[in-house]
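Based on these hints, arrange chain B on the given structure of chain A.
In the order they appear, the protein sequences are chains A and B.
Position one of the first sequence corresponds to residue 46 (this note's numbering), numbered consecutively onward.
Position one of the second sequence corresponds to residue 46 (this note's numbering), numbered consecutively onward.
Treat each hint with caution, since some may be false.
[Said to hold, decoys possible] As a list, the in silico DSS-like pairs of lysine-lysine whose alpha-carbon atoms are at most 27 Å apart: (1) A:K210 - A:K191; (2) B:K123 - A:K140; (3) A:K93 - B:K123.
Worth flagging that the hints you see were computed from the coordinates, not collected in a lab.
The primary structure of each chain is shown beneath.
Number of protein chains: 2
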Amino acid sequence: MLLLKLFLFFSFFSSTFSHDLHPLPRPLIIQYPEGIETHFHEFDDELKSQCTSWRFAVEANNLSPWKTIPEECLGYVKDYMTGRGYEMDLERVSKEAGVYANTLELSGDGKYVWIFDIDETLLSNLPYYVEHGYGLEIFDPIEFDKWVQRGTAPAIEPSLQLYEKVLDLGFKIFLLTGRNEQHRSITIENLTKAGFRRWDKLILRNAFSYPAGIVVTDVNRGLIPVTIVLCRGREHHGKLATVFKSEKRSEMVEEGYRILGNSGDQWSDLPGAAASSRSFKLLNPMYYIP
Amino acid sequence: MLLLKLFLFFSFFSSTFSHDLHPLPRPLIIQYPEGIETHFHEFDDELKSQCTSWRFAVEANNLSPWKTIPEECLGYVKDYMTGRGYEMDLERVSKEAGVYANTLELSGDGKYVWIFDIDETLLSNLPYYVEHGYGLEIFDPIEFDKWVQRGTAPAIEPSLQLYEKVLDLGFKIFLLTGRNEQHRSITIENLTKAGFRRWDKLILRNAFSYPAGIVVTDVNRGLIPVTIVLCRGREHHGKLATVFKSEKRSEMVEEGYRILGNSGDQWSDLPGAAASSRSFKLLNPMYYIP
Chain A
46 MLLLKLFLFF SFFSSTFSHD LHPLPRPLII QYPEGIETHF HEFDDELKSQ CTSWRFAVEA
106 NNLSPWKTIP EECLGYVKDY MTGRGYEMDL ERVSKEAGVY ANTLELSGDG KYVWIFDIDE
166 TLLSNLPYYV EHGYGLEIFD PIEFDKWVQR GTAPAIEPSL QLYEKVLDLG FKIFLLTGRN
226 EQHRSITIEN LTKAGFRRWD KLILRNAFSY PAGIVVTDVN RGLIPVTIVL CRGREHHGKL
286 ATVFKSEKRS EMVEEGYRIL GNSGDQWSDL PGAAASSRSF KLLNPMYYIP
Chain B
46 MLLLKLFLFF SFFSSTFSHD LHPLPRPLII QYPEGIETHF HEFDDELKSQ CTSWRFAVEA
106 NNLSPWKTIP EECLGYVKDY MTGRGYEMDL ERVSKEAGVY ANTLELSGDG KYVWIFDIDE
166 TLLSNLPYYV EHGYGLEIFD PIEFDKWVQR GTAPAIEPSL QLYEKVLDLG FKIFLLTGRN
226 EQHRSITIEN LTKAGFRRWD KLILRNAFSY PAGIVVTDVN RGLIPVTIVL CRGREHHGKL
286 ATVFKSEKRS EMVEEGYRIL GNSGDQWSDL PGAAASSRSF KLLNPMYYIP
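For reference, chain A alone in the conformation it holds in the complex (with noise of 0.2 Å):
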């Protein structure tokens, strides 16, 4: 958009030495042709409302799975990101999984769970991503986990509002990430440092000997041939983070827990076997983990 705007100036201004046929040069008065600035304005509203419905799609669901973010909505999802929306967005999330918590009676069993994922829905990545284009740049794995092992995410406020509330009513809580066994102990001392102060279950992907980022499909080993589909460098253990989450949630069920509320910035972290009683999708337009 700036380096449209930037053209436009450019080619406004040479045009208007370019046809000058004056010896002495003339007074630097830009004309832009009538109605120019409505016509940015109409531009920028278009891709505005463009970006807005591309968002909207992501959030309900509709799209394949993506890489990068629109080139075209960088701005848009710069300005939502860091502007009031998101923080607008999470409020509301958080409250309405608060309002229906409270709903819930929950016997003396200790088998209310309430899940929750940890990357975009407890901790924030945004302070990465902001170095990495909000989602523009392909998702780099080796980079990636040099910041989670750095242990410095914060907190995303209004979900610790909301766990510290599912706490008090009495849930047990599960966290349920694709982050793998490998980062076990900065993730903890990451969460504690946010104020996540006790959980039930910790639960990561099993640690695994390819290194981060590595694709392998169809490997052969001896007579079973094994399909590893290595996707984001966080979901690259052999099976799709919806899968993954699928399993360990039908565990939960198997050992006899009752999973009531379960919050998750991905469509791979809440339908699928299993799942909860209610499921809340904290927005996020960066990325899409299958």
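The following block gives chain B in isolation, referenced to the frame of chain A:
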């Protein structure tokens, strides 16, 4: 908002005169406090952001069942529904669904199904809602039934395009709607008139003897307590839409069909038992059916 602006306008107007000690009328120059226009814009922007946030919560399925749109969002919803926003979103979801449909390889056994809901999916009741507050009025099943009986609901054009495409690709088309059997013939007439040229099943809800709109709960019939929850008029036959539609999908699967696509404007159309491989949520900020 308009009232507020008028109120402020007349407040400044009257204060201009009430403090006037001049014997003759001063020229009518109304001096707004500095920045008043900016404040109006900020207020508008904040309200717009709040309503957008609410709409995201609707489309991400984060809200508890709701009966009307938020009063303060009436203008916002009206602008969205009658402006470019709704149209753009409908086009996007149709396009996404079409791209997905194209990737599917159907064998020749004729057992591949695409499910479509009807209201706000194939047919638009917007002409009705324009007259009934865009979802601000409490749903009136008797009035709505009169509208349905007119049989004049127009096609949602992007859905018609998708419909044609999946027909051409060889899908069986099953229409699964919360409309009840008493509207079968007018529904067929309306669909045909709107351009939907053929389908393989049209599944409506069984006619039920309770008049539309009556709410009966905890009816005790002899020794068996029966709870009947009558929801919106069109969904009033003893069970929630989400249960009815899940049951019907399960029957399809039992009959050997494979549900590969499902388009609906309500979350009660989409997840649950025998969910489709991919679901497409058309946007609808006007009403909610549980």
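Item to check | Those earlier numbered hints the structure runs against, lowest number first | outcome: The structure breaks only hint 1.
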